[in-house]
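Q: Read off the chains here:
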Amino acid sequence: MKLHNISFGNIKRRKGKMLFLVLGLVIGISTVVTLLSITESMTKNIEERLNQFGANIIVVPKSENLSLNYGGIDVGGVNYKVREFDQKRLLEIKTIKNSKNLAIVAPKVLGPVQINDKTILLMGVIFEEELALKTWWQKQGGTYPEKENEVMLGSQVAMLLGFKSGDIIHISDQPFTITTILKQTGASEDNAIIASLGASQAILGKQGKISMVEISAFCQGCPITELTLQIAEKFPDGKVTAMKQVVMSKMQSIEMFKSFSLGISVIVIFIGSLLVLVTMMGSVNERTREIGIFRAIGFRRGHVMQVILLEALLLGIIGGIIGFTLGNLIAYSVIPLVMKDSVFVGINTNLGIVSILMAVALSLLASLYPAFKASNMDPSEALRAL
Amino acid sequence: MTQIDHLIQIHDLKKTYQSGDTKVDAIKQMDFFIDDEEFITIMGQSGSGKSTLLSIIGALNHPTKGKVLVDSLDLYSLSAEQRADFRSEYIGFIFQSFQLIPYLTVLENIKLPMAVTGQKKKVKNQMALDVIQRVGLGSKANRLPDQLSGGEQERVAIARAIVNKPPIILADEPTGNLDTKTAGDIMLLLQSLNKDGHTVIVVTHNQDMETYATRSIKVSDGECFI
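Residue numbers (our numbering), protein chains in the order written: chain A, 88 to 473; chain B, 38 to 263.
Accuracy of the hints is not assured; some may be wrong.
The list that follows gives simulated cross-link-like pairs (lysine-lysine, DSS-like), each with its CA atoms no further than 30 Å apart [claimed, not checked]:
no., chain 1, residue 1, chain 2, residue 2
1, B, K255, A, K99
2, B, K60, A, K89
3, A, K89, B, K255
4, B, K255, B, K60
5, B, K102, A, K89
6, A, K102, B, K158
7, A, K460, B, K255
Hint data in this document are derived by calculation from the structure and do not stem from the laboratory.
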């Protein structure tokens with residue numbers, strides 16, 4: 088016979104009451120787990136969506152001239168003379184400390200070409216990277232270019248030159264098949280011919296050169312300033328610009344969700360703890376007679392406390408496990424309802440351990456006063472109830 | 038004869054209960070002793086103070102005045118935890134209405150006082166098996182209390198009281214809820230425990246029980262008459 092036999096026996100006997108106590112813990116823990124899981128999924132979703140807005144870091148060669156461009160309107164006259172980087176140096180971006188945060192690295196070469204006596208901007212890109220970055224691009228039929236001798240035209244260029252999908256366009260006397268025309272975006276690509284990086288470098292005579300790099304950094308609580316500095320170190324002759332609005336809004340959204348979840352969690356945990364406290368107090372009051380017997384047959388105060396706290400510990404573990412499981416199940420069902428296209432991020436083992444520890448701590452804390460009260464019960468008073 | 042020769046010595050004992058402004062003297066004044074291996078019945082009407090006296094002897098109820106010496110130990114000069122240890126070592130309680138723990142089996146109920154003693158599991162098991170055989174409930178060890186008759190429950194209560202081999206057994210109306218025959222059997226069991234060396238003190242209002250005792254103490258209106 089050990090003290091834990093008494094605790095186990097009491098839990099088995101008072102199933103209803105103990106269920107109610109576990110319920111308090113389950114409500115608290117499952118709410119926290121649900122909110123944290125939803126927040127995590129939403130954060131990931133928001134990040135993905137924000138990343139779809141395009142690059143949040145741009146690397147261009149350093150210039151001593153200020154840009155005379157505002158809102159897409161260039162007031163300094165057309166200047167297609169641009170400085171370049173060596174393409175080989177792109178690899179250096181991948182060596183920065185936070186390189187795992189770099190989702191897309193899209194280099195470009197830019198330069199003017201003559202088509203039908205008109206000077207047009209030729210933009211050489213790596214199609215795979217560019218299309219991953221510019222998810223808002225929409226084509227007017229056809230397919231996106233895949234080969235070196237394929238191009239696509241911005242809507243303004245196509246209109247100006249009178250080309251359509253499937254036509255052949257000669258750039259510097261080389262024939263290229265126009266696989267598609269982009270729908271109007273309102274951005275620079277409307278006025279450009281977009282070809283592969285290699286072909287464009289050859290046409291512009293800029294083999295192995297790139298004019299700029301657009302980078303999409305994918306990260307939680309993104310150290311964007313840090314990333315910018317790390318990239319700048321690799322490109323001392325370049326200007327690295329972080330598009331702070333995008334990052335700031337990302338951070339603000341995440342912080343807002345986190346604060347909201349924390350607030351709700353604290354309230355629910357508080358209510359759950361009260362429920363445990365009230366139930367445990369009720370249980371102790373009901374057991375006055377028993378406690379009197381324990382004390383009369385030689386149990387010390389500490390022994391009585393051990394019996395009550397052991398029960399709390401066991402119920403805490405049960406409540407933690409059920410709460411964590413239920414929280415994940417709720418999160419799994421609720422996430423698609425609260426945020427379209429969002430998916431459950433999966434079971435977080437660390438959160439599971441923390442949940443169980445939290446349930447145990449809550450259960451023990453809430454049972455501390457009832458246990459203290461029980462242990463300090465005057466045995467003669469308790470036995471008068473006999 | 039010196040004071041030390043007696044197992045239990047009660048000196049100038051007084052116990053007053055207070056509820057608000059009302060004071061009730063449960064024990065007005067008592068002086069007596071009980072020797073080792075005696076079988077004592079404390080007789081008295083309901084409200085005479087006999088149960089209060091038993092709880093004071095059992096180190097459960099602090100007297101308002103006076104001393105209780107057991108084995109020359111001044112019980113109420115000890116701390117609450119020391120008195121708990123004293124109860125564990127010296128006293129076996131048999132309560133009114135059995136007071137078994139309903140969610141523990143017969144064997145677990147009997148082993149309950151051993152939960153706080155330091156013996157090895159094997160020793161505890163042997164001691165519990167010995168007493169369960171002694172009270173004749175060997176075949177019902179794994180039953181719950183509500184699956185037993187009143188007499189059997191009383192036997193479990195007695196087994197629980199003696200499992201730690203305490204020198205003193207205190208019983209509060211142990212036959213109050215039993216029929217005459219079963220009550221007689223229980224008194225015989227207590228008598229045999231007394232013959233084995235336990236000092237037995239039984240509180241009862243049933244005068245028939247006096248025949249089993251070696252001595253009787255009568256309590257009336259908070260005073261005792263030897």
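Q: Within 30 Å, alpha carbon to alpha carbon, are B/K255 and B/K60?
A: At roughly 23 Å apart (the allowed maximum being 30 Å), B/K60 and B/K255 satisfy the hint.
Q: What's the verdict on A/K89 and B/K255, does the C-alpha distance respect the 30 Å limit or exceed it?
A: violated, 40 Å
Q: Please verify whether B/K60 and A/K89 have alpha carbons no more than 30 Å apart.
A: violated, 41 Å
Q: Within a Cα-Cα threshold of 30 Å, do A/K460 and B/K255 meet the stated pairing?
A: At roughly 37 Å apart (the allowed maximum being 30 Å), B/K255 and A/K460 break the hint.
Q: Between the alpha carbons of B/K255 and A/K99, is the straight-line distance 30 Å or under?
A: Measuring from Cα to Cα gives roughly 45 Å; hence the hint is violated.
Q: Given the hint that B/K102 pairs with A/K89, does the C-alpha gap stay at or below 30 Å?
A: violated, 37 Å
Q: Straight-line Cα separation of A/K102 and B/K158 no greater than 30 Å?
A: Given that 30 Å is the threshold and the Cα spacing comes to 29 Å, the pair holds.
Hints 1, 2, 3, 5 and 7, counting from the list given before, are not met by this structure.
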